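J.: Chains as they are written, first to last, in UniProt numbering: chain A, 1 to 226; chain B, 1 to 534.
For the record, the hints were derived by calculation from the structure and aren't laboratory data. Computed from a prediction, not measured in an experiment: that's the story for all the values here. Please note that the accuracy of each hint is not assured.
Claimed, not checked - Chain A stretches covered by chain B per the calculated footprint, using a threshold of three residues with CB under 8 Å from any CB of chain B:
hint : stretch
1    : 78 to 90
2    : 95 to 102
Claimed, not checked - What follows is a list of derived Cβ distance ranges for each label pair:
hint : chain 1 : residue 1 : chain 2 : residue 2 : range
3    : A       : Gly66     : B       : Arg12     : 37 to 47 Å
4    : A       : Asn83     : B       : Leu8      : 55 to 65 Å
5    : A       : Gln118    : B       : Pro493    : 47 to 57 Å
6    : A       : Met72     : B       : Ala20     : 36 to 46 Å
7    : A       : Asp174    : B       : Val414    : 50 to 60 Å
8    : A       : Gln118    : B       : Ala509    : 50 to 60 Å
9    : B       : Lys480    : A       : Asn83     : 37 to 47 Å
10   : B       : Val413    : A       : Asp174    : 52 to 62 Å
Even glycine gets a Cβ: it sits at the ideal position worked out from N, Cα and C.
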Amino acid sequence: MLEAIDIVKSYRAGVQAAPVLRGVNLRIEEGEFVAVTGRSGSGKSTMLNVLSTLTEPDSGQVLFQGADLAAMREQERDRLRNNAFAMIFQAHHLMPYLSVLENVLLPGANGFRGISAQQRQRAVSCLERVGLEHKQNSLPSELSGGEQQRVAIARGLASGPRMLFADEPTGSLDMTTGDAIMQLLRELNGEGLTIVMVTHNPDYAALAGRCVQMREGRVLPDGIPA
Amino acid sequence: MNIITIPLRCLRQKWGRSAALLSVFLLGVAAITALNNVSSSVAEGFEKKLSAFGANIAITPKRETLQISYGGIPLGNATVDNGYIPLAETQRAIEGIPLRDRISVVAPKLAGLVAFAAKAGETPVLVPLVGVNFESEVELKQFWHAQGSIPGVATMQAPDPLMQRLEGQHAKHASQADTPGAPAPGPNMATTGTAGTNMSGANMTAPAMTGTAVAPVPGSSAPNAFSSAADNDDCCAGIMDIPDFHAGQPGHAGQDFNPAQADMGHTAMLDAARPDAPDGQHTAAQHPDQTLTPERHLLAGATVAERLKLGPGQTIWLNGAQYLVEGVLQPTGSDDDSVLFAHLPEAQKLFHAPDAASFIEAAALCSGCPIEDIVNELGAALPGQDIRALRQVVAQRMYSISFAQNMALVVTVVILFSACVMVVMSMLVSVNERRKEIGLLRAVGFSRRAVFFIFAAEALVIGFLAGVAGYAAGYAAGSKVLVAMQIEAAAYPAFSFAALFGYGLMASALAVLAAAFPACKAARANPAEALTSL
């Protein structure tokens, strides 16, 4: 479904380029739940950003269902992020001045055409799915951290994505809330959603179907400890 | 919910920042509106005031100059014109032009020479006389100040005690005056048979003046002609002897105006004004004719009054009819000093030229349209007349007015620039504050164009509200400023919903322009970097 081939990515640090990804190769099949682990600075988040088209690699290819994402026009990549990919982050990233429901509807508000009744119904269903239908008119500031993360998951689900990219979704949550989020992700994966999750927590990584370890910008072969 | 919801919600949520930005822009627009309205009102009022210092359009009969020669020898030039301007028809035509409202004053004039005598039986001399509409003339020449009063506009002058006394004398002597059928004192100037007076050097003017010694000079700038005459004769400004007329009176042949005689008359008049003056001292000049209605009142220029020893309240004889000098102009330094002024209808009677004018001066307000437009419209309406714009006058006025307007423009530009800088700074701060929002929007599939739109729309809403509210506030403030400055608010522009909307659009466009750079910066942001920024 999604394949990274020899991805290289560097960031500029002053005049020098600091390599972050040094030839990443990874294949993710449809319906997989892949956990990406590794030490800080190993390139986990950068790889997730490259896979989700938030960042372009310096070299290498990312193929989504056989199509090279780098060869796509920017509008096509935007559309991919809007329809096929969903993202959740450690910091939740909700729009503070939109209500919970409006935050969930945000990907559909990408134009002058108003939200349809069907889109609204789907958003409400997603909120029900994460157990927050009763808070749809609240502002994000009125929610707890776990609730905010569930709203972010509902937002990701609202557009009916094929893949969910989660960058340390439990990183800022307490254990109980983190467990609940992990349970939700497992349920979603059970319903067929492909998930790629970056995490530091080995317990949560163990809950994923496959664990990929990274070190110094490379994906380690299975069996080698990070 | 659609993409417009996002900037609107953001503005509402961050109302403090929105209000601050709105206030800055609103103040700018209000200042510009007030400045613009006040400056245009001041310019209009200024131009109206300037128009009081002279005309800028002259309407004269069309003239043609023919070279006359015989046997190859040039005999000079003959000027042929269309005679007089038909006054009623011309005034109707002026009233009918589309730009009539830009003409503030229309002042017709009938100029010519009359036979002047200080008292009955005295040898007359020719003096220039201009028939005017005093009200228009005073409006056009607000620099006029008179000793005594100006006929027809007495309310503008302080009541003259001497005139008041004379009014009393009029009433007193009315019953003693000569009967209306009695022969008028003084000569009959209409029968002298003197050739037409040439006021333009070698040129021979050939209007319908035959058989009239004393006639107007149609088609010429009469005051200039008079001043030419004055220049040629240092002792008498614009005053000429009448040899032919004096031929029948040998004792006076070749004599000029005798100041002593005029002085005697003046003294006698003053004596007559005294209640205790003995009846035996009253002369013809001391007994105003009962027909000295207000139409027979004159205004004398400073120089001609000095030469002829004229003063307010004095009666004189023109073409054998008695007139009262109601006022004497203080020196103006212009041609007006050298002439007598009479009511236009009276001058038309004196010159046997009913419904005629030698030329018409007009004061046009040029800030609303170029003078050429007014001249063209007048030219189309008056094909028989020459219409000339006195461009130097116009240019000087417009320079003064445009100076004030340019100052306002400079201030406007400075205010606009400051407001735009505020918008740029505020939006830049906003973009930096909202980098994570930008990253999120890009992460959920918003295009760069959509992100640009969100920031531009915020500026657009701020700009439109500031434009509309600023126009309303500026409009109200401008009218208050005019009151505070004690400027006539007649020219203050009317409140216009079109202008309200226009200001809103203009301010929106400006705000979007100012926000373009920050919005571009937001749109260019890398989503991954934006999401991880502090």
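J.: It remains to establish, for every hint, whether it holds in the given structure.
T.: How the hints compare with the structure:
1. With 8 residues bearing a CB less than 8 Å from a CB of chain B, the stretch 78 to 90 of chain A meets the requirement of three and the coverage assertion stands.
2. Proximity of the stretch 95 to 102 of chain A to chain B, defined as three or more residues with a beta carbon under 8 Å from a beta carbon of that chain, is established by the 5 residues found.
3. Checked against the hint of 37 to 47 Å, the C-beta distance between A/Gly66 and B/Arg12 comes to roughly 45 Å, which is consistent with it.
4. Between A/Asn83 and B/Leu8 the C-beta distance comes to about 25 Å, which lies outside the given range of 55 to 65 Å.
5. About 53 Å separates the C-beta atoms of A/Gln118 and B/Pro493, a value consistent with the hinted range of 47 to 57 Å.
6. For A/Met72 and B/Ala20, the Cβ-Cβ distance of about 42 Å falls inside the hinted range of 36 to 46 Å, so the restraint holds.
7. Taking the beta carbon of each, A/Asp174 and B/Val414 are about 57 Å apart, inside 50 to 60 Å as hinted.
8. With their beta carbons about 38 Å apart, A/Gln118 and B/Ala509 fall outside the hinted range of 50 to 60 Å.
9. A hinted range of 37 to 47 Å for the beta carbons of B/Lys480 and A/Asn83 is inconsistent with their spacing of about 58 Å.
10. Between B/Val413 and A/Asp174, the C-beta spacing of about 59 Å keeps the proposed range 52 to 62 Å intact.
The structure is inconsistent with the numbered hints 4, 8, 9, although it conforms to all the rest.
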